[in-house]
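Peer 1: Produce the complete structure using the sequences and hints provided.
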Amino acid sequence: MPTQVLVSISDEVRYFLNSQPAALRKVYRHRDSIDLDDLCKMVEDHNERVNHDKRISFVLADVMKNCKVVARLNNDEEMLSKLTPLERMRAEAAERKYQRSIGADLKGASRLNFVAAAHRREGVSTVAEEVKGVSENISTALHFIMAFLGSFAFGYYFIKIFREYMDPTYRYLFGGFCCVLTLFVEALLFIVRDQKADLIAKNARMKARERARAEAAEMRRYKEKLEEETRKAESEPDELEDVPAVTAIEDSKAVEEVEDDEGSTLRKRPVVVTDKSSAVEAED
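Just so you know, we're using UniProt numbering here: the sequence shown kicks off at 1 and counts up by one.
It should be emphasised that the hints constitute simulated quantities derived from the structure, not laboratory data. The reader is advised that the hints may include incorrect statements.
[Said to hold, decoys possible] Straight-line alpha carbon distances no greater than 27 Å define the calculated DSSO-like cross-link-like pairs of lysine-lysine that follow:
(1) Lys65 - Lys54
(2) Lys223 - Lys207
(3) Lys65 - Lys225
(4) Lys65 - Lys41
(5) Lys68 - Lys223
(6) Lys41 - Lys54
(7) Lys207 - Lys132
(8) Lys68 - Lys41
(9) Lys196 - Lys207
(10) Lys97 - Lys132
(11) Lys41 - Lys97
(12) Lys65 - Lys132
(13) Lys41 - Lys223
(14) Lys225 - Lys68
(15) Lys196 - Lys132
(16) Lys225 - Lys41
[Unchecked claim] Pair ranges (Cβ atoms, derived):
(17) Ile200 - Glu87: 29 to 39 Å
(18) Ala187 - Ala217: 36 to 46 Å
(19) Glu130 - Val185: 28 to 38 Å
(20) Phe162 - Val192: 29 to 39 Å
(21) Val192 - Ile145: 14 to 24 Å
(22) Ala23 - Arg72: 22 to 32 Å
(23) Val59 - Pro21: 53 to 63 Å
Note that the coordinates shown come from a computational prediction; the quantities given were computed from them, not determined experimentally. Even for Gly, the Cβ is constructed at its ideal location relative to N, Cα and C.
Peer 2: And the structure:
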């Protein structure tokens, strides 16, 4: 999805990051937020490195227990510049497949934001938009026809009821006069409606441009912040030594499994047993 979700780095996430290689720890040392997709990828990679060993693997739900969403960055423009029309169609099909997999009602489901924006940007109308336009045109035409018939009937029967002694020709003339008057009124209403629609569309475009500028500026600030923090982290020494992904633990007492004050189910980092004295210290 084009939306980038940033979550806060809680104690559980920090504990998980401390078990990662030194290069990765240095990158996130001074950060207070992390991309949700990156965090999921890191947890998955870590579990694959340790061969899904229950003693030293992590559960994503436990890692994200106290995380909170701090920002949602939308990079639609960046996605639009990279997608071809065929890729947009594939992305739309994938989104609909995902909606069906979670049991969503697709009758009123909206298209992907960046796909719809791409169609509007290129002037390509979708099937739904074409059907909507045709239905609006048909309803407008029927409205005009019914208005003319109603106005003619009003003029004709008005003369017939209140002026029975007049020539029937006047009935048709007065009915035609009412039709012409209705035509002017309908034209005036159509102009007002069209101007109102243009004004609403103009305001919507202005708000969309302002929102896109704000999102682009926020995305640039976030990327600049990441680059600055990365440079700062690379220039600082790492306080922790790398922990091997898989440690040869023969004594089960060398691995301590305790819960923190908040009830977290994360486990402490494995302690490598070197001799019996160190095993006793770890047990204490």
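Peer 1: Taking the earlier hints as the rules, which of them does this structure contradict?
Peer 2: Structure breaks hints 12 and 23.
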